[in-house]
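**Student:** The primary structure of each chain is shown beneath.
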Amino acid sequence: MTGILNCIKDPEGPEIIVCCGSGGVGKTTISAAIGLYGALSGKKTMVLTIDPARRLADSLGLKRLDIDAQRVPVENLHIMEESRAPAAELFAMMLDSKSTFDQLVTRYASPEFRENIFENRYYQHLSNNMAGSYEYMAMEKLYELFSQNQYDLIVLDTPPSRRALDFLDAPQRMLNILGHNFFIKLFRPYLNTGKWGFRLLNIVASPILRGISKVLGHQVLEDFAGFMQLWDDIMFEGFSRRATEVKELMAGNKTLFLAVSTPQRLPREEAKFLYDKLLQNNMPFGGFIVNRVNSAGTCKEIHEVDLNTAFSEFHMKTDMKNKLIATHNSHLEMKKSDKQAVQGLIGKIGSGNKVLQIPYAAGEIVNLDDLYRLTRYFDRVSYI
Amino acid sequence: MAVENSDDGNNKGVLTVGQNGLSVPRESIGTWLDSLLSRRLVFVMGKGGVGKTTISIALACVAERMKKKVLLVELGDTNSIARLYQVQALSEVPRKLSQHIWGARVDPKAELEAYVRAHVTPKFLARKIIHSRLFDYLFEAAPGLKEVMSLGRLWRWEKEYQPLSGSTFGSTFSPTFDLIIVDAPATGHAMSLLRLPDLLIPMIQVGPLANQIRGLQRLLKNPQKTSLVLVSLPEELPVNEAVEFYSMAENMLNMPVAATFINCVYPAVFSQADLLQIESIERYDRDFSFSPVSKFIASARILNRRRSDQQKHIEEIHAKANGHVQEIPFCFTNDLTINQIQELSSFTHHH
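From first to last, the protein sequence lines are chains W and S.
So the first sequence is numbered by our numbering: it starts at 1 and just counts up by one.
So the second sequence is numbered by our numbering: it starts at 1001 and just counts up by one.
I should point out that these hints are in silico values taken from the structure, not numbers from a laboratory.
Note that the Cβ used here is the ideal one computed from N, Cα and C, for glycine as well.
Certain hints may be false.
[Said to hold, decoys possible] Below, a sample of chain W positions facing chain S; criterion: calculated Cβ distance under 10 Å:
| hint | residue |
| --- | --- |
| 1 | Val215 |
| 2 | Glu269 |
| 3 | Ala341 |
With the rest of the complex left out, here is chain W (with noise of 0.2 Å):
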């Protein structure tokens, strides 16, 4: 049996790496391991990450990430035997969603409009705050670096939600917003023009909408009607055809979806959720890496201690022996609890072959030689 992710040093593996799970998993690290572990088997391989935190820009060896492609020094890796150094091609790229939307309008939109879209109210939530928007621009940007062609593999490490599946649902959310041009439709026989050429909307001419702005303002319709306007159709077909190429892509046979997860409860039901809405939706699943798992990797069976024997050689308080056998019954309790977590999420996919687990670490991870332990995991299989 071999590893969930042994497909890497395939040189006909998946091409792109996405890893999902709910906030607070360690994605973020998980995925520059698995960078690392591209790289390593000679993957020209970049690590896009939503995460600017300090801690990864530096356990990569970099001064900070940035939005630009960067190369990871890892000449660094201290483990590394000599004859591999040269070959390991490793880079890094933040992502920024505002900065790739951008992008996009300056592709699609005319000169004369890009500056008002950029000005717009609702061109700036969308792009922004909109839910939603992050993660359809994460696609976008691991669309644009793969059909630039210049890497192996790519891995995704996707947006900190809440929930692991919002990441597949916000993609479709946008393309209902932007995709189709039918609003532009709908509002066109209420517009009049105005006397600079300028189109204003005509409430008065429709009850659905005198109604919508009784409720939320004219002001609010106004605006909405302008940034309308200025995406106008040309925007509407780049956005909807790009949409359904970066749809394409995903569900294609050269992208694996990871769910990340820890033995607790909330990732575990939201990884397994997300096996789910892969399976309903023809995407590709590549496994589930649990992550923090305390004594990971065997599953013995936890023996019973016969206390009296035990402790007869040690001359202990008693204060000090219970504190011990207090502490070790926790430590067995959370073992079992993780045993039972990995063995769930085992019995969801009927074999353990797609489950990997990835031992509580000791310490942080702050350099790439930490990075570099985490990657040793990478080749084991969990056994029922």
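Following the hints, complete the assembly by docking chain S onto the known chain W.
**Tutor:** Relative to chain W, chain S alone:
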């Protein structure tokens, strides 16, 4: 190694005025908690995965013990409260979860629909609007509309009063809920939610929506009524975010952070002397690793290490937090139950 809690020495048994206007003797609790739970609206904030739902429920349990009627509100669709209580997904209609705790989930779309129905006549036009695609569009794309609707729901729950039970005359009313605890979405989203009234007031100046936003703003910015609570973990990223959060709450939101909960703190079991003794046991003889005691020592080492990894993060929060800092002990399980959360909420007795 234990970290001292900040000074709130005055927590002897207090006599407080309950919601019914009667003096009720109450268990001994910290004054910070006392004043926090006397607010009308508490937002439980924090990064994803830090345990916002756990702390929200724990706070509700404390308030319940104080005989307060609590509404636990879920924003978004994680269903985590319902999952913990092992009930069906919550809805807009508050459902009783325990003696004094109700649970509800805000559905912004349903809220907007109700809003249109309330403000548009004739009825058939309201229906037509709700079913129009334009309405769907506006709902998805209009900045802040969803959020304003969610907040609007909280605002209306806060204003809801009902006749006092046992009162023969309809003249005595008490709030339907004494306390509304909101299990907020992850920090970034929650921040834009709370900033919204500030941003929308200049944009929307007339009409019923404008009134709602102004009412909301008055509620959110009244420190007597609304408080923020932050949940964090003793790890690097959550602590960095916590520090950022304090400054944003103060400078951008202008809302007080009443308390910070450091969740999942490993117990500091072993003293310096204990650790020395452990070392001497390890040196006892070379074949120590075969001794059954080695397992106990190994566990002690591992958990002690985790605690000391947490230490500097715990200290940083204590140093930088506004308001009270409460440590919540780590529970050695992945699947916390409601009973365990109730036990956790006994942090009120600790002082």
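**Student:** All hints, please: hold or fail.
**Tutor:** Hints versus structure:
no. : hint   : result
1   : Val215 : 5 Å, holds
2   : Glu269 : 7 Å, holds
3   : Ala341 : 5 Å, holds
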